[in-house]
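So the sequence lines, in the order shown, correspond to chains R and P. Start counting the first sequence at 5; every next residue gets the next number (our numbering). Start counting the second sequence at 680; every next residue gets the next number (our numbering).
Because the hints were derived from the structure by calculation, they are not lab data. Just so you know, not all the hints are guaranteed correct.
Stated by the list, open to error - Only part of the chain P face toward chain R is listed, based on derived beta-carbon distances under 8 Å:
id	residue
1	Tyr694
2	Pro710
3	His758
As the list claims (entries may be wrong) - Negatives, chain R to chain P, calculated, CB over 10 Å:
id	residue
4	Arg106
5	Trp144
6	Val149
C-beta: ideal position from N, C-alpha, C; glycine also.
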Amino acid sequence: MSVDRSVARRGVIDALPLFVPAVPFGLVIGLAIGDSGMNLFVGWSSSWIVFAGAAQLTLITLLGSGAALVAAVGTALVVNARHLMYSAALAPTFQRQPLWFRRLGPYLLIDQVFALVAVRPEEEPDRFRTYYLAVALTFWSLWLVVTALGIVIGPVIPEEWNLEFAVPILFIGLLILGIDRWPKVVAAVVGAATTYLAAGLPNRTGLLVGAAVGILAGTVAERYRGE
Amino acid sequence: MSELVAVLVVGLGSYLFRSFFILALANRRIPDQVLVALRFVAPAVMAALIVALMTDSEGNVAIGLPEASALLAGGAVAHRTRNHIWTLFAGMTVYWVVRALF
Numbered sequence: 005m006s007v008d009r010s011v012a013r014r015g016v017i018d019a020l021p022l023f024v025p026a027v028p029f030g031l032v033i034g035l036a037i038g039d040s041g042m043n044l045f046v047g048w049s050s051s052w053i054v055f056a057g058a059a060q061l062t063l064i065t066l067l068g069s070g071a072a073l074v075a076a077v078g079t080a081l082v083v084n085a086r087h088l089m090y091s092a093a094l095a096p097t098f099q100r101q102p103l104w105f106r107r108l109g110p111y112l113l114i115d116q117v118f119a120l121v122a123v124r125p126e127e128e129p130d131r132f133r134t135y136y137l138a139v140a141l142t143f144w145s146l147w148l149v150v151t152a153l154g155i156v157i158g159p160v161i162p163e164e165w166n167l168e169f170a171v172p173i174l175f176i177g178l179l180i181l182g183i184d185r186w187p188k189v190v191a192a193v194v195g196a197a198t199t200y201l202a203a204g205l206p207n208r209t210g211l212l213v214g215a216a217v218g219i220l221a222g223t224v225a226e227r228y229r230g231e
Numbered sequence: 680m681s682e683l684v685a686v687l688v689v690g691l692g693s694y695l696f697r698s699f700f701i702l703a704l705a706n707r708r709i710p711d712q713v714l715v716a717l718r719f720v721a722p723a724v725m726a727a728l729i730v731a732l733m734t735d736s737e738g739n740v741a742i743g744l745p746e747a748s749a750l751l752a753g754g755a756v757a758h759r760t761r762n763h764i765w766t767l768f769a770g771m772t773v774y775w776v777v778r779a780l781f
């Protein structure tokens, strides 16, 4: 039991510094929910139903900007497709876990949880599970609080501050921080250019076209790089 | 109502992505092509999103000097510091300053 407790404590302690950068992100999501005109409770519920910052922000911003439901949902899902990689990477480790945890664990599998648990695949199953749950539930509970806080403080912030502009700035940050090789630059530039050219398509579906062409361009660039 | 449906669908889809290999295909490998393509999802989508947010529904650029300088500043700071908080701080500060000056 004491081992369990020390492992759990380790998980909470490891999670906290990684949560710090997520704080402004969560606050901006809260603000965006307020700005979007959607039902506040439904908007906030995305924090526990979807539990993925970038996808939530995408969905909320697009719904608020009058995009078609299909375009908003489709883009948010594309944003989250990267989780397939995490699922594949952790599948062997999860094989040694009980069924209830194989069902619950993926629900909590966000970027930061993956980053912390992926480096300990050899861990004894009970300890792995305790650590995973401690990390993930720390993120989960703080995330619900911070996004709610954003909704609450949103109306207090003067409108002329235009804080909704924080949304594209956060996306720029996510874009730049994710780029570690030039084929990704190709994907970004082609994705941006195609979206611009396709911006006239109805209901902002140009976004999906741009994303798809960008992914394709990155894949092609990677192949040339490999040759 | 449609908002709730949208949130539920994205939530369900995200769970399927996260659980796909853990629950269904524990010992299968993802084809290499798919793995390579997945790497480019984030940059392509983020870039497309930024452009979509900066254009109106008819495809015209809908930003001025404050927005453009703020995005540049945010991008530069993100590149340099690898930190979201500084990125947000720099971007919004440049936005407010340029807007006040011009």
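Structure-inconsistent hints, enumerated in ascending order:
2, 4
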